[in-house]
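Chains as they are written, first to last, in this note's numbering: chain A, 1 to 323; chain B, 1 to 334.
One or more of the hints may lead you astray.
Below, a list of computed lysine to any residue pairs in the SDA-like style, where the Cα atoms sit at most 25 Å apart [stated by the list, open to error]:
id, chain 1, residue 1, chain 2, residue 2
1, A, Lys254, B, Glu40
2, A, Lys94, B, Gly132
3, B, Lys326, A, Leu313
4, B, Lys324, B, Pro273
5, A, Lys236, B, Glu40
6, B, Lys57, A, Glu249
7, A, Lys94, B, Ala317
8, A, Lys261, B, Leu41
9, A, Lys264, B, Thr38
10, B, Lys324, A, Lys254
11, A, Lys94, B, Glu313
12, A, Lys236, B, Leu41
13, A, Lys79, B, Pro312
14, A, Lys264, B, Gly39
15, B, Lys57, A, Gly250
16, A, Lys261, B, Glu40
17, B, Lys236, B, Arg209
18, B, Lys110, A, Gly151
19, A, Lys94, B, Met133
20, A, Lys236, B, Gly36
21, A, Lys94, B, Pro307
22, A, Lys94, B, Arg316
23, B, Lys326, A, Gly151
24, B, Lys326, A, Ser312
25, B, Lys324, A, Ser89
26, A, Lys94, B, Leu333
27, A, Lys79, B, Met133
28, A, Lys264, B, Gly36
Simulated from the structure, these hints should not be mistaken for lab results.
Since the structure is predicted, the reported quantities are computational estimates derived from the model, not experimental observations.
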Amino acid sequence: MQLSEQALLRAYRQMKLIREFEERIQREIMLGQIPGFTHIYSGQEANAVGVCEHLSDKDYIVSTHRGHGHCIAKGCDVKGMMKELFGSSDGLCKGRGGSMHVADISKGMLGANGIVGGGPPISVGAALACKMRGDGGVSVSFSGDGSTNQGTTFEAMNMAVVLDVPQVFVFEDNGYAENTGSSFSTGCDDIAVRSSSFGFPVFSADGTDFFDVYDKAAEAIEHARSGKGPAGVYTKVDRFYGHFVGDPEGYRAKGETEYLKEHKCCLKNFRARTLEAELLKAEQLDALDEDVMAEIEASVVASREAPRHDGSLVEEDVYASYA
Amino acid sequence: MPDKTMRDALNEALHHEFERDPTTFAIGEDIAGGRGGTGELDCTGGVFGVTRGLLTKFGEERVLDTPISESAIVGAASGAALAGMRPVAEIMFSSFIGVCMDQIINQMAKFRYMFGGKSKCPVVVRFVCGAGMSAAAQHSHTNYQMMTSVPGLKVVVPSNAYDAKGLLISAIRDDDPVLFFEHMLLFQTSCEVPDEAYEIPFGEAAMPREGDDATVVAFSNMVNVCANAIDSLAEKGITCDLIDPRTTSPLDEETILESVEATGRLIVVDESPPRCGLTADIAAMVAQKAFGALKAPIQQVTAPHTPVPFAPELERAYLPDAEKVKAAIEATLA
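Produce the complete structure using the sequences and hints provided.
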C-alpha cells in the first residue's frame, strides 16, 4: 500500500516519538524521577504505529503493561503521559495509575494493563459496543506472546467469533514472556495458526518492518470494520531491553540486544527504505528527529515542574457517585 | 546465629523441604527463568529471587517454569496435590490472584469438604503482596484478608525472616491448601535465622513487644510499622503488647483475648482496605468475647476503601504508618 509523503512523515514521527519517550524515561528512572515498575517498548514501535495509523478516535484499543507505545500511537498526550509517569497530580490519570495504567477514553485508549491477558476480553466488549451502536468502529487488543497463553485470551478469541464483533487481536511476539523464551512457554509452533483455529483470519507480519505491519493491519482492520467479524495480526518482533527497567537480563545471550538495536531497528529500517526509494529526504527525517527531541525535552521539563499530590485526594474517584 | 534476609530464609526453607521430601516440586512463572532464552538458566529465581538455585540443585523435573497462565498453574498444583504430590506454586504478585480465583476458592479450598474428608490437597501457593514500591493498583494489594474469609484455606502472613522460614516449612508439610503471602518490602529485611529446618505451628501468635497499656494486633509488614510506633511511645511512658498472629487462618484468638483482658484496650492494624477485613473481624471477636474488659472503643487502622494509588505521595497517604498507629493507641488512652 503506497502512503502519501504526509502519511510517511507522520508514521515516522510517531515511531520516533515512542522511541525517544522510552529512551528518556529510562534516564529519568535512573535519576529517581519516575517510581514504580516500568516496561519499555523500544524496538516494537512499528507494531503500535502500523496498526493505530488505521484507527481514529471512534475506534478502541486496549494495551498491556508494556503500553506506552500503544498509548502514544493512539493519540494520548505525551506531556500528560510523562507527567503521569512522574506521579504528578496533573498527569493523564492524575498520578493514580502510573506507567502500567495509562488511559485516555476520549482517544479510545482503554488502558494499559497490569494483568497479562487482562485486555483481550475488555477489547471484545468495546467491539461489541461498536457493533451495537453501528458506528463503524473497531476495537484492537494488543497482547504479547505471553498473553496468548492465558485463558482469558482464548475465551476472548472464541467469544469474538460467537458474538461476531469487529475485534482485531494483535499479538506482538517479542520472544520473551517476562524472563522465559516464548519458544518454551508457547506450546504451538505458530501463534498465528493457533489463533486462526478459533475461526478468524490472522495475518502474519515482520514486526520490525513498519510497511509490513501497516499492510497486514489494513487487511485485518478492514475485515473487522466491514462486518466480517474478528481478525488477527501476528508479528515477530524484538524488545531492545529487559522485561522491566532494572532487569539484569541473564536469560539473554550477551550482545543480543546490541545486535538487535543495530540490525532489527524499525526506525533505521524505515529510514533506509524511504530514502532508497526516494520517498523522503534525509533532511525531512532529521528535522522530525529534532522536533521529537524537543517535544520529549519539553514534556520532561513540564513534568519536573508539575504539581504534586499532598495525599489529601487519595479517596477521590473510587466511584462516580457516592449517594 | 547468622543474620539472613527473608529472601534467603525462604530460599533455605525450600531447599530443606525439597531435600527432605521427593514429592515436593515448584511451579510458576520465571521461578527459574531463562527457559527458551538465549542466556543462562536459573537466572531469575522468581520475581524477588526466592526460588533461585532450586533448578540447578533439583533439576527441571521438580522446578517447573510455566507459561503466564495463573489458572493453570494453581489448578495443576492442586490437581497434583490431590494425586499425591506436594507442590509449591508461585503466583508472583498477589493481585494476580484475580486471574486464578476459581481454582483457589471453588476448587482447592473445597475439595476436602465436598469429597467427604476423603481427599487432602497439600498445596502451597506463594504470593508477593503489599504496597510501598509505587507498583500501582494491579501489583500492590494484600489480598490475604479476602482469602481469610474462604473456608478450607490456611493463610500465612510472615512479618520477618525467622518466622517466614519456619512458617514456609510448616506450610509445605501441612496437608491442607496454604496461601503464603510475602510482603514486597520484607525481602531485604533480615534477622537471626537458624541454618537448620524448623517448624512454626499455625494459629500460634508471636508477641514481639510486651506492655501494659494497650494491645496492638498487626499483620505482615504492619507488625514492623507498629513496633516502631510502640517504641516511640516509650518516652511517654506508654507500653503495649504487640501481637503478630502470623497466620490469619487459623487465628490465635486466645493470645489476643488474654492480652486484651490485661490491657483493656485494642488497636488492630492492617494495610488492607477496611471493609469486611481482618481488623473488623478481630474487633468483632474481641467485642463479643471480651467486652467487659474494654476500657475504650476499639481502634482500627487500615488503608482507605480505595485501590492502591501510584503516586508516592498518594501511596504514603494510603498506607498506615507509625504516626497513624501512635494516634490510634493514644486515642484509646485518652
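These are the hints, each one checked on the structure:
1. Lys254/A - Glu40/B: Since the Cα atoms of lysine 254/A and glutamate 40/B sit roughly 10 Å apart, the hinted pair holds (cutoff 25 Å).
2. Lys94/A - Gly132/B: The given pair, whose Cα atoms are some 19 Å apart, holds under the 25 Å limit.
3. Lys326/B - Leu313/A: holds (23 Å)
4. Lys324/B - Pro273/B: holds (15 Å)
5. Lys236/A - Glu40/B: Holds, at about 23 Å.
6. Lys57/B - Glu249/A: holds (21 Å)
7. Lys94/A - Ala317/B: Distance ~15 Å between lysine 94/A and alanine 317/B Cα, so the pair holds.
8. Lys261/A - Leu41/B: Given that 25 Å is the threshold and the Cα spacing comes to 24 Å, the pair holds.
9. Lys264/A - Thr38/B: At roughly 17 Å apart (the allowed maximum being 25 Å), threonine 38/B and lysine 264/A satisfy the hint.
10. Lys324/B - Lys254/A: Since the Cα atoms of lysine 324/B and lysine 254/A sit roughly 49 Å apart, the hinted pair is violated (cutoff 25 Å).
11. Lys94/A - Glu313/B: The hint holds at about 12 Å.
12. Lys236/A - Leu41/B: holds (23 Å)
13. Lys79/A - Pro312/B: Roughly 19 Å between the alpha carbons, so the hint for lysine 79/A and proline 312/B holds.
14. Lys264/A - Gly39/B: Satisfied, since the Cα-Cα distance of roughly 19 Å is no more than 25 Å.
15. Lys57/B - Gly250/A: Holds. Lysine 57/B to glycine 250/A sits at ~18 Å (cutoff 25 Å).
16. Lys261/A - Glu40/B: holds (21 Å)
17. Lys236/B - Arg209/B: This hinted pair holds, its Cα atoms lying about 16 Å apart.
18. Lys110/B - Gly151/A: holds (22 Å)
19. Lys94/A - Met133/B: holds (18 Å)
20. Lys236/A - Gly36/B: holds (16 Å)
21. Lys94/A - Pro307/B: Roughly 14 Å separates the two Cα atoms, so the pair holds.
22. Lys94/A - Arg316/B: It holds: about 16 Å lies between the C-alpha atoms, which stays within 25 Å.
23. Lys326/B - Gly151/A: With a Cα-Cα distance of about 46 Å, the restraint between lysine 326/B and glycine 151/A is violated, given a limit of 25 Å.
24. Lys326/B - Ser312/A: Satisfied, since the Cα-Cα distance of roughly 20 Å is no more than 25 Å.
25. Lys324/B - Ser89/A: Holds. Lysine 324/B to serine 89/A sits at ~24 Å (cutoff 25 Å).
26. Lys94/A - Leu333/B: Judged against 25 Å, a Cα distance of about 39 Å means the pair is violated.
27. Lys79/A - Met133/B: holds (24 Å)
28. Lys264/A - Gly36/B: This hinted pair holds, its Cα atoms lying about 20 Å apart.
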